[in-house]
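A.B. asks: The task is simple: from the sequences and hints, build the whole structure.
Read left to right, the sequence shown gives residues 11 to 215 (my numbering).
Treat the hints as calculated values from the structure; they're not laboratory data.
Among these hints, one or two may not hold up.
To be verified - List of simulated lysine to any residue pairs, SDA-like, C-alpha gap at most 25 Å:
#	residue 1	residue 2
1	LYS141	ALA176
2	LYS75	MET39
3	LYS130	ARG163
4	LYS75	ARG34
5	LYS130	ARG181
6	LYS130	GLN148
7	LYS141	ASN177
8	LYS75	ASP18
9	LYS96	ASP132
10	LYS75	MET20
11	LYS147	ASN209
12	LYS96	PRO175
13	LYS130	LEU98
14	LYS75	LEU38
15	LYS147	PHE95
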Amino acid sequence: DSQSLSSDEMLARDWNLSPQEWQRYQTLMQSSRGVYSPGLDPLTALGIEARNDEERRRYAELQVKAEAQRTAKELAYQRAYDDAFKRLYPNLMPIASSESQGAIARPANQGNGRLAVFVKDDCPECSVRVKALQAQKQPFDVYMVGSQNDDERIRNWAIVSGIDPANVRTRQITLNHDGGRWLGLSLGGELPAVVREVNGQWLRQ
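C.D. replies: As structure tokens, then:
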């Protein structure tokens with residue numbers, strides 16, 4: 011079949027193999043090797059089942075090169091991904107730890123009139139509350155409880171919760187690690203918690 015031959019040739023070329031080597035790989039995967047190691051990539055399969063040292067060296071070198079190319083591509087994409095997040099969510103660095111702010115940790119917005127919104131992961135109600143505040147054009151600071159200083163966790167939560175990156179860029183909304191602040195306020199109750207400082211006291215809104 012000319013179409014399948016063309017497809018096989020393209021697959022062989024992707025792995026820097028000749029059509030004959032690709033055919034041998036397919037044959038190997040239909041044998042006991044395919045039963046022992048289903049889904050094995052061509053270079054590994056051919057290398058394991060090499061018929062002599064020269065073949066074994068050839069497939070090992072091809073695999074090292076292929077792995078290097080794959081890793082380079084993945085690293086390049088990861089860098090692009092990280093750069094995109096820095097542009098879209100620039101306020102993701104961990105905030106000051108509670109130890110640096112005295113015995114009782116306070117939200118960083120103390121005295122500026124902004125709302126502090128305490129949320130946690132896997133909390134649909136938290137996302138609903140934040141969306142509502144965003145729709146009301148309220149400026150607020152999000153503090154994720156239990157984030158373990160994991161920026162990626164806050165990033166994912168912000169996306170799932172529908173936070174507009176433009177609001178983060180303009181600091182209408184900031185994204186922060188809780189850093190013990192929620193416990194420090196001793197307000198209790200379930201999350202989400204929307205609080206504001208009133209006459210020196212933090213109160214739920």
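A.B. asks: Look at each hint and say if it fits the structure.
C.D. replies: Going through the hints against the structure:
1. Straight-line distance between C-alpha atoms of LYS141 and ALA176 comes to about 14 Å, which keeps the hinted pair within the 25 Å bound.
2. Distance restraint check for LYS75 and MET39: the Cα-Cα separation of roughly 23 Å lies within the 25 Å cut-off, and the hinted pair is therefore satisfied.
3. About 10 Å separates the Cα atoms of LYS130 and ARG163, which keeps this hinted pair within 25 Å; it holds.
4. Between LYS75 and ARG34, the direct Cα distance comes to roughly 21 Å. Compliance with the 25 Å bound is thereby established for this hinted pair.
5. The hinted pair formed by LYS130 and ARG181 meets the criterion: a straight-line CA distance of about 20 Å does not exceed 25 Å.
6. Between LYS130 and GLN148 the alpha-carbon distance is near 20 Å, which keeps this suggested pair within the 25 Å criterion.
7. Taking the CA atoms of LYS141 and ASN177, the gap is near 12 Å; set against the 25 Å cutoff, the hint holds.
8. About 21 Å separates the Cα atoms of LYS75 and ASP18, which keeps this hinted pair within 25 Å; it holds.
9. A C-alpha spacing of about 24 Å is found between LYS96 and ASP132, which places the hinted pair at or below 25 Å, so the restraint holds.
10. Restraint check for LYS75 and MET20: the C-alpha separation of about 18 Å stays at or below 25 Å, so the hint holds.
11. Among the hinted pairs, LYS147 with ASN209 is consistent with the structure: their alpha-carbon atoms are about 24 Å apart, no more than 25 Å.
12. Note on LYS96 and PRO175: the hinted pairing holds, with a Cα-Cα distance of about 10 Å set against a maximum of 25 Å.
13. A distance of roughly 21 Å separates the Cα atoms of LYS130 and LEU98; the hinted pair therefore holds under the 25 Å criterion.
14. With a C-alpha separation of about 23 Å, the suggested pairing of LYS75 with LEU38 holds against the 25 Å cut-off.
15. Restraint check: the Cα-Cα separation between LYS147 and PHE95 comes to about 23 Å, which is no more than 25 Å; the hinted pair holds.
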